[in-house]
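Protein chains: 2
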Amino acid sequence: MAEAGGAAVLPGTRRWRLLVAYDGSGFRGFATQADPGVPTVGGALAGALARTARLPEPPPLVCAGRTDAGVHAMGQVVHVDLPEGYDGDLARALTRQLAPAVVVREAAPAPPGFDARRSATRRHYRYHVWNAPAPYPLLSATAWHVAAPLDLRPMAAAADALIGERDFRALCRRPPGADAAHPIVRRVLDARWREAPDEDVRGGRLLRFDVVATAFCHQMVRSMVGVLVQAGKGRANAATVVGLLGSGSRAGAPQLAPPHGLCLVDVGYDQPS
Amino acid sequence: MAEAGGAAVLPGTRRWRLLVAYDGSGFRGFATQADPGVPTVGGALAGALARTARLPEPPPLVCAGRTDAGVHAMGQVVHVDLPEGYDGDLARALTRQLAPAVVVREAAPAPPGFDARRSATRRHYRYHVWNAPAPYPLLSATAWHVAAPLDLRPMAAAADALIGERDFRALCRRPPGADAAHPIVRRVLDARWREAPDEDVRGGRLLRFDVVATAFCHQMVRSMVGVLVQAGKGRANAATVVGLLGSGSRAGAPQLAPPHGLCLVDVGYDQPS
Chain A
1 MAEAGGAAVL PGTRRWRLLV AYDGSGFRGF ATQADPGVPT VGGALAGALA
51 RTARLPEPPP LVCAGRTDAG VHAMGQVVHV DLPEGYDGDL ARALTRQLAP
101 AVVVREAAPA PPGFDARRSA TRRHYRYHVW NAPAPYPLLS ATAWHVAAPL
151 DLRPMAAAAD ALIGERDFRA LCRRPPGADA AHPIVRRVLD ARWREAPDED
201 VRGGRLLRFD VVATAFCHQM VRSMVGVLVQ AGKGRANAAT VVGLLGSGSR
251 AGAPQLAPPH GLCLVDVGYD QPS
Chain B
274 MAEAGGAAVL PGTRRWRLLV AYDGSGFRGF ATQADPGVPT VGGALAGALA
324 RTARLPEPPP LVCAGRTDAG VHAMGQVVHV DLPEGYDGDL ARALTRQLAP
374 AVVVREAAPA PPGFDARRSA TRRHYRYHVW NAPAPYPLLS ATAWHVAAPL
424 DLRPMAAAAD ALIGERDFRA LCRRPPGADA AHPIVRRVLD ARWREAPDED
474 VRGGRLLRFD VVATAFCHQM VRSMVGVLVQ AGKGRANAAT VVGLLGSGSR
524 AGAPQLAPPH GLCLVDVGYD QPS
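First to last, the sequence lines map onto chains A and B.
Each residue of the first sequence is one higher than the one before, starting from 1 at the first, in the numbering used here.
Each residue of the second sequence is one higher than the one before, starting from 274 at the first, in the numbering used here.
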């Protein structure tokens, strides 16, 4: 994706901060792709921004978390630099063009020095598992259906082993060109499972995994959920997680959890934003 | 829709009871239509039943609540008469063909005299309203977005006025050929609003209307929600509801709530089923 140049705001432009929710089902992720025919959240947003602010071409965007194909967001944060003259109701204008798949919940000029990705100090993702013999129609786009009964207690214990500052190489997709010997250190602040108290579901349990970290590497949450669900089946435990992280290799990691159960809940910033 | 002949089970057949969940978004309602190209839940189910039980043609079905186009179900109950010889795992076979849009949660031979519609003594519907300035992507297929702030207290008071045995003509679509002077009496057992405690939603409130009646007439829940949302805006109250029901005429009823917020939660039977 073409990107705005970090914290440097070009003369004659003003940086805007957008709070964006989307249903990722119909998109090939957030990041725009070389082929403009591939539907992406960023591409849709940039196109709507160009129409709204009458720009000659879609502007580059920077987001806090580059969600993959099929991943949803309630609180993605995006920045974009627009000509200083623009002062319309950006949230309303964008939502009118993009809803219901994409909704811009808020849009306002960003505080000085704000960068949606670099200023972010905390990301919160949520993953839903529908644990029941049969799939559930109204959850099929937002929860992973796992038919085998899961035991939450070992899942919670294994999740505890993820908390802290660790090398997450074994649970990340290596960035293109990166050295396999290089650790990928991230700090996980919280990771917990619980049963969602939603009366809307019948015939099974909706399990919810909330994980907060200063930052995530690629496919990290889906890798975590993959191993934690194995723990729920009695095929892994906290020691497995510790061993896996220690190995520094993806070879021993279980299957990735599918993308559609994942949602970027919100992004935290230390500076007022 | 072609219908099985009430409680009479033909010789050589056995009656099955199915518990069915569906996402109504892609269907033109439950009831099969004359044009077989129109996608209906009943049509999909009957087609899958014919394939599974090797029937020469899709069998007639009877359901407890004939949901309209776009309406969802967690616990629709259906009966169908199949040749006595069939004894496969019907729920699994049907779900394999129809998921994720339609899932057969349970399937078993019905108790003697069982009729999915006539034996039902209680239907429970739920309606969701997403009350927030902006729409919400992950709720756009299951909740009605109402942007104006709603006050739950008058909505609850007006809902109370619906409880009891009353003539609901003013809140129903009259059946074809029915006499407008004829009352349509139904008994509402419960009708209440509350805010869903779902942490999954941000930037607004998810309001949930639960209504239980011995039976409903056509479009009754959506008519109720239409007038109750007016109450939430301060444009109607319990007296309006009483007056509307007393008028016996749909002329004074507010706009119907859209179908996609509605879900058939479950159906009760007095006999063991």
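Simulated from the structure, these hints should not be mistaken for lab results.
The beta carbon of each residue, even a glycine, is placed where N, CA and C say it ideally should be.
Hints are not guaranteed to be accurate.
Residues of chain B clear of chain A, computed beta-carbon distances all greater than 10 Å [said to hold, decoys possible]:
#1 Asp354
#2 Ala407
#3 Cys445
#4 Arg447
Which residues of chain A face chain B? A partial, calculated answer using Cβ under 7 Å [as the list claims (entries may be wrong)]:
#5 Gly203
#6 Arg205
#7 Tyr269
Using C-beta positions, here's what the derived DEER-type ranges look like [unchecked claim]:
#8 Glu330(B) with Ala239(A): 57 to 65 Å
#9 Glu379(B) with Ala148(A): 13 to 21 Å
#10 Asp190(A) with Gly521(B): 53 to 61 Å
#11 Ala381(B) with Gly234(A): 54 to 62 Å
#12 Pro422(B) with Thr121(A): 41 to 49 Å
#13 Pro422(B) with Arg187(A): 17 to 25 Å
#14 Ile163(A) with Ala488(B): 37 to 45 Å
#15 Thr13(A) with Gly516(B): 42 to 50 Å
#16 Asp308(B) with Pro133(A): 48 to 56 Å
#17 Arg508(B) with Thr13(A): 38 to 46 Å
#18 Leu10(A) with Ala511(B): 58 to 66 Å
#19 Pro112(A) with Ala524(B): 44 to 52 Å
The hints, checked one at a time:
Its beta-carbon lying about 23 Å from the closest one in chain A, Asp354(B) satisfies the requirement of being farther than 10 Å from that chain. Against the 10 Å criterion, Ala407(B) falls within the reach of chain A, whose nearest CB is about 5 Å from its own CB. The non-interface label for Cys445(B) is consistent with chain A: the shortest C-beta to C-beta separation is roughly 26 Å, beyond 10 Å. The Cβ of Arg447(B) sits about 31 Å from the closest Cβ of chain A, beyond the 10 Å cut-off, so the non-interface label holds.
A hinted interface residue such as Gly203(A) counts as satisfied when its beta carbon comes closer than 7 Å to some beta carbon of chain B; here the least separation is about 5 Å, so the hint holds. For Arg205(A), the shortest C-beta to C-beta distance to chain B is roughly 14 Å, which exceeds 7 Å, and the interface hint is violated. With its C-beta approaching chain B no nearer than about 16 Å, Tyr269(A) sits outside the 7 Å limit, and its interface hint is violated. The hinted range of 57 to 65 Å is satisfied by Glu330(B) and Ala239(A), whose Cβ atoms lie roughly 58 Å apart.
At about 19 Å, the CB distance of Glu379(B) to Ala148(A) agrees with the hint of 13 to 21 Å. Range check, Asp190(A) to Gly521(B): about 58 Å between beta-carbon atoms, so the 53 to 61 Å window is met. As the Cβ distance of Ala381(B) to Gly234(A) is approximately 30 Å, the hint placing it in 54 to 62 Å is violated. The hint said 41 to 49 Å for the Cβ distance between Pro422(B) and Thr121(A), and at roughly 33 Å that hint is violated.
With their beta carbons about 40 Å apart, Pro422(B) and Arg187(A) fall outside the hinted range of 17 to 25 Å. Roughly 53 Å separates the CB atoms of Ile163(A) and Ala488(B), a value that falls outside the hinted 37 to 45 Å. Distance hint check for Thr13(A) and Gly516(B): the Cβ-Cβ separation is about 58 Å, which falls outside the suggested range of 42 to 50 Å. Asp308(B) and Pro133(A) have their C-beta atoms about 35 Å apart, which leaves the hinted 48 to 56 Å range violated.
Between Arg508(B) and Thr13(A) the C-beta distance comes to about 45 Å, which sits within the given range of 38 to 46 Å. A hinted range of 58 to 66 Å for the beta carbons of Leu10(A) and Ala511(B) is consistent with their spacing of about 59 Å. A C-beta distance of roughly 59 Å is found between Pro112(A) and Ala524(B), which places it outside the suggested range of 44 to 52 Å.
This entry does not satisfy hints 2, 6, 7, 11, 12, 13, 14, 15, 16 and 19, going by the numbered hints stated previously.
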